[in-house]
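Trainee: Sequence:
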Amino acid sequence: FTPFDRFAQFENTKGRELHELLQEFKELRERNVQTLKETHIQEADLSKTGIHPEFGRVTLKELLATWVVHDLGHIRQISRVMAKQYKDEIGPWEAYVPVVHE
15 FTPFDRFAQF
25 ENTKGRELHE
35 LLQEFKELRE
45 RNVQTLKETH
55 IQEADLSKTG
65 IHPEFGRVTL
75 KELLATWVVH
85 DLGHIRQISR
95 VMAKQYKDEI
105 GPWEAYVPVV
115 HE
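If you use my numbering, the sequence shown corresponds to residues 15 to 116, in order.
Incorrect hints may have been included.
In silico lysine-lysine, DSBU-like type, Cα no more than 30 Å apart, as pairs [unchecked claim]: (1) 62 x 51; (2) 75 x 40; (3) 28 x 40; (4) 101 x 28; (5) 98 x 28.
Simulated restraints on C-beta separations [what the hints assert, rightly or not]: (6) 74 x 32: 16 to 22 Å; (7) 57 x 102: 19 to 25 Å; (8) 86 x 37: 31 to 37 Å; (9) 108 x 57: 24 to 30 Å; (10) 110 x 41: 16 to 22 Å; (11) 55 x 98: 17 to 23 Å; (12) 27 x 106: 29 to 35 Å; (13) 57 x 99: 41 to 47 Å; (14) 80 x 101: 29 to 35 Å.
In case anyone wonders, no lab produced these hints; they're calculated from the structure. On a predicted model such as this, the values are computed, not experimentally measured, just so you know. Just so it is clear, CB atoms sit at the ideal spot from N, CA and C, and this is done for glycine as well.
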């Protein structure tokens with residue numbers, strides 16, 4: 015595993031528009047999924063291991079599952095930011111839509 019700065023995103027996204035970030039997310043994921051498809055991973059490959067600098071031995075299955083959950087976390091963040099844009103517009107329903115307060 016190549017080490018990376020998992021907090022660099024906060025600096026790299028400052029001042030950028032939501033639509034720009036969403037487009038970048040979409041393009042990156044499309045490229046990543048295409049690359050993954052091109053590797054033709056087989057069931058037996060999922061048990062192969064690598065050494066993670068923090069967690070030690072991990073399987074490909076664990077890595078791929080983490081990637082899915084990681085992306086779901088980003089989708090949750092995106093949904094939260096988008097919902098907050100409508101906080102003032104939803105009027106009295108604000109009390110029933112907790113996502114605008116997250």
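Trainee: Now look at each hint and say whether the structure bears it out.
Mentor: Hint-by-hint comparison with the structure:
1. Taken as a hint, the residue 62 and residue 51 pair is honoured in the structure, with Cα atoms around 17 Å apart against an allowance of 30 Å.
2. Between residue 75 and residue 40 the CA atoms are separated by roughly 23 Å; this keeps the pair inside 30 Å, and the hint holds.
3. Distance restraint check for residue 28 and residue 40: the Cα-Cα separation of roughly 19 Å lies within the 30 Å cut-off, and the hinted pair is therefore satisfied.
4. A C-alpha spacing of about 22 Å is found between residue 101 and residue 28, which places the hinted pair at or below 30 Å, so the restraint holds.
5. At most 30 Å may separate the alpha-carbon atoms for a hinted pair to count; residue 98 and residue 28 meet this at roughly 18 Å.
6. The supplied range of 16 to 22 Å is broken by residue 74 and residue 32, whose beta-carbon atoms lie about 33 Å from each other.
7. Separated by about 51 Å at the C-beta atoms, residue 57 and residue 102 break the suggested range of 19 to 25 Å.
8. Under the hint 31 to 37 Å, the C-beta atoms of residue 86 and residue 37, about 19 Å apart, miss the expected range.
9. For residue 108 paired with residue 57, a C-beta distance near 48 Å fails the hint of 24 to 30 Å.
10. At roughly 35 Å, the beta-carbon separation of residue 110 and residue 41 lies outside the given 16 to 22 Å, and the hint is violated.
11. For residue 55 and residue 98, the Cβ-Cβ distance of about 38 Å falls outside the hinted range of 17 to 23 Å, so the restraint is violated.
12. Range check, residue 27 to residue 106: Cβ separation about 33 Å, and the 29 to 35 Å hint holds.
13. The supplied range of 41 to 47 Å is met by residue 57 and residue 99, whose beta-carbon atoms lie about 43 Å from each other.
14. At roughly 32 Å, the beta carbons of residue 80 and residue 101 sit within the given window of 29 to 35 Å.
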